[in-house]
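Model the placement of chain Y on the given structure of chain G, informed by the hints.
Heads up: the sequence lines are chains G and Y, in that order. In terms of the working numbering, the first sequence opens at residue 1 and continues consecutively. In terms of the working numbering, the second sequence opens at residue 1 and continues consecutively.
There may be inaccurate statements among the hints.
As the list claims (entries may be wrong) - Under 7 Å between C-beta atoms, here's a sample of chain G residues computed to sit facing chain Y:
#, residue
1, Leu493
2, Val495
3, Arg532
4, Pro535
5, Leu541
6, Ala543
7, Gly552
8, Gly553
9, Pro557
10, Ser589
11, Leu590
12, Thr591
13, Ala592
14, Arg597
15, Ala598
16, Ala662
Stated by the list, open to error - So, partial list: chain G residues that the calculated Cβ filter (under 7 Å) puts toward chain Y:
#, residue
17, Leu411
18, Ala448
19, Val538
20, Leu555
21, Ala594
Keep in mind the hints are simulated off the structure, nothing from the lab. It should be emphasised that the depicted structure is a prediction, and the values quoted were computed from it without experimental measurement. Beta carbons: idealized from backbone N, C-alpha and C, even for Gly.
For reference, the chains in residue letters:
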Amino acid sequence: MPTEADLQRLVSNFASEAKALCEKAAREVLALERPEHAAAARRARDDLVRHLHTLKGSAATLGLTDVKEIAHRLEALVEGGEGPLDAGAVDLFLRALDSSLVRVRAHASGDAAALPPVEPLLESLDQLLSTPAPGDADAAAEVTPTPARPPAGPAPAPAVEPEDESWRVSHGHVASLSGVSDRLRELRLRVIDRRREARVQLEAMEVRPPSVVEVRALLERVESVLTTVADDAEVVAGDLDDALKSISTLPISTALETLQRAARDAARATGKEAQLSAVGGELMVDRRLLDELRGPLIHLVRNAVDHGLEPPHARERAGKARVGALVIRAELRGNQLTLEVGDDGGGLDHRAIRATAVQRGLLGAAEVEALSPETLEQLIFRPGFSTRKDASDLSGRGVGLDVVATQVRRLGGTVAVKSVAGQGTQIRLVLPSRTGSAPVLPLAVGDALVGLPVVSVETVSRVQPRHVHRTARALHVEVEGQMVPLQDLGGLLKVRHPVVLEEQTLVVARHLSTRFALVVDEVREHQDLSIRVLPEEVRSLAAYQGLAVLAGGALLPVLEPAWVAAAVAGREMAMPEAGEGRALVVDDSLTARAFHRAILEAAGYQVHLAASGAQALEHLRRARYDAVICDLAMAEMDGLQLTRAVRELHGGATVPVLVVSAHEEEAARARALQAGADAFLTKRECATGRLPAEVAAAIARRRGAA
Amino acid sequence: MTDDPGWDGLTAEDALLLSMRAERLRALPTSQEAEVQFWAAEFPIGQETFALPLAALRGCAPLRLVTPLPLAPPHVLGVARFQGEIVTAFSLTMLLGARSWGADPFVLVVVRLSGGQTVALDCEQVPVQVEIPRSEVDRQAPGPHDLSAPVVVPGPRVIHLIDVERLTRRVQEGSGADRG
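Only chain G is shown next, with the shape it has when bound in the complex (with noise of 0.2 Å):
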């Protein structure tokens, strides 16, 4: 006998599965609502017997009467009838698969004192079983005037449910998780009977040295032997890492349903007509994420029916069809998950944004005039932004987008609207997704390393002259008879002038249908990475995806191939003879590089940075700079050094050259001013701000002299 300690914790395991029991059988009342032909519909009323029968008996087993009754009702509504369900009978079921959810919740809270009677409820569902089968659909449009129909006001929305913590696991995942753990005591016992035959080792050297011949075999035997040890774990390694994926991802569909269920209530509330559809809701993503998300999206799904579509008559009037078409579309780019919501309704009205932005005291009359339509559309996720003039029971004032923008951006994300007159709105939220890896090409330039994911990339090669074409200002490369915009990668980085040479390397790749050409130094093999958001910090920076950690703990920045695409198309190829207000700076210390260029870019100065002597010479061979200040100590080539091999430099003598020290001698300065330097400071010097005014004066020297 179950003791009633036992009999509450079966009843609490049970609200996981009966709500993805409600779930399931909520998708297939929405499915006969409107079936696609006869056959989807016949199959839909099946499943929906089948679900309704698993609830049916699990809440009898646990002794939830009130859920057995309603579950048995549904049942028995739809057993053995046939076409589709009307509107008004499929309000009732969903209301009463609500209220099963939050009765069993209640009942595994031992809460469920405080549920209202299940009675009213149990009695509207047998007033729909004496009418004709739901089936018929003219007899079913005789019974909406009966309590099938619910109560004045909007079709209940489906709330946002609690946050379930706990996850529910197939019994396959744990058996793969049992393999995986089986093998790694496999391989545990393996590295022990190797310890053992060391320590045989060991302790016959203590009674007979080895020889050198010995010694050596018998390191060749461990390095084998720890070689195989290390292919092994790393084996198991993947197979704990798919394991855990399996576990912690959800195909995006599973939101989709509740998204369905969103747009039907909502489109019921305001008389509006709405077909939800979906693209990519096979892909998996990190099911906390989904969590996250479910709030936001069916915040944008009631928006997007409430503010967006336009009744029906006025589409009609339009030219539209009646029904307004509500797009949700998802994409995994790499470890980056875009999902879009969009509507064919009137879009965002510019004028109504305006005027509420004045009315609102956001902005004033001339500030709002003067904004892009972007920024114009970007001010509806402000708090409280809303252009209705009344409250709507659905949206409210508008208060949500806010919302969604503010749960997006907590998530590492960004949001995004686009919105045509007359033909609809899109929002797009674009949100790194944690779990599992994505292949990605790093890329070398000067002394930085980021990497590209490798969707994104079409083909590697070596920079061909002939292929490169020069317009005014920019550089173009022909690839398979397409001209295709091109850029240094080191210069949109910033980190270097932006040169093509003949022996770099050109990678050609795409961001939607924009192609796009990048000059790098190096591409290494690629790696299967798992990409983390950027700190909150430097989260604003739209160059990059994320953070991935390479072997050996070391931080790869993920370019954003959207940012790339935009930047190469819209960067002017500036010319190498310019040199106007161009430093370089030269220090091993990555604080002292960092204060140079922000005091020198301060001052107006364009600022590269090289990290060692044989960089710095690198970038001068690249480009002239207008001046070049190094650290007097650095590992390698000091100051000293790189001032005479700049010197040495075809157009070097002439370069202004700065030693920076953090020592104060004397000596040092005259050594320095006499290995070529034009003038000394110390870090100290530096640091009161004389730096700009050094160069500058430096600068004019060699100007003077000339």
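Same frame as chain G, now just chain Y:
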């Protein structure tokens, strides 16, 4: 006061600051044992000594672990991994408004800000623990645009105690040096 030859070459603001410090030193309690202590971690920046409340400190890491992030603002040195978390590394010299500079920093001090987020700051030396009389901490407040307030510790020495609330705001806003 400006007639005193000892004050030659000082601005009125510096002279005032020094006289305030002297006054505080004179007012130090004679019985240090009775004083409630505030724990901090001190480190030099150039000629001056700064300190962070020990409670805000999460650990230290080598500066070479920082990966520079091209296109980031100058006061952002880059990003680094610390105990599995990815944190942004800032130049403390720049956040403080570049008051002075001694040796090149080689260590990262990892700090939990008042908003809960963790960031790393570069440092010239590994910080060491210091006790500051609580009364001294309570008496001092940073100037309206400062990140730190000068406090006097036994020795006597002056330490600039960094206000974590203000540091949080400065991190969020960007550094004074960035704004030029």
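Supplied contact hint for Val495(G), tested at 7 Å Cβ to chain Y = For Val495(G), the interface hint holds, since the closest Cβ of chain Y sits about 5 Å away, which is under 7 Å.
Supplied contact hint for Leu493(G), tested at 7 Å Cβ to chain Y | Holds - the Cβ of Leu493(G) comes within 7 Å of chain Y, reaching about 4 Å at its closest.
Are Gly552(G) and chain Y close enough, Cβ to Cβ, to be under 7 Å, as the hint says?
-> Because about 11 Å separates Gly552(G) from the closest Cβ in chain Y, which is outside the 7 Å limit, the hint is violated.
Restraint satisfaction for Ala594(G) [CB to CB of chain Y, less than 7 Å] | Nearest chain Y Cβ about 5 Å off; hint holds.
Against chain Y, run the beta carbon of Gly553(G) and see if the smallest gap drops under 7 Å.
-> Hint holds; Gly553(G) Cβ to chain Y Cβ min 6 Å, cut 7 Å.
Interface hint for Leu590(G), Cβ within 7 Å of any Cβ on chain Y = Since the shortest Cβ distance to chain Y is 5 Å, the answer is holds.
Evaluation of the interface hint that places Ala662(G) against chain Y, nearest CB under 7 Å | holds (6 Å)
Interface hint compliance - Leu541(G) to chain Y, C-beta minimum distance less than 7 Å = holds (6 Å)
Answer holds if the nearest beta-carbon of chain Y is closer than 7 Å to that of Pro535(G); otherwise answer violated.
-> Holds, about 4 Å.
Holds or violated: Ala448(G) as interface residue toward chain Y, Cβ cutoff 7 Å?
-> Nearest chain Y Cβ about 5 Å off; hint holds.
Satisfaction of the Ala592(G) interface hint, Cβ to chain Y closer than 7 Å | Where the cut-off is 7 Å and the nearest Cβ of chain Y is about 6 Å from Ala592(G), the hint holds.
Is the hint on Thr591(G) kept, meaning its closest Cβ partner in chain Y is under 7 Å away?
-> Status holds, d = 5 Å.
Checked against the numbered hints given earlier, the structure breaks hints 7 and 17 and satisfies all the rest.
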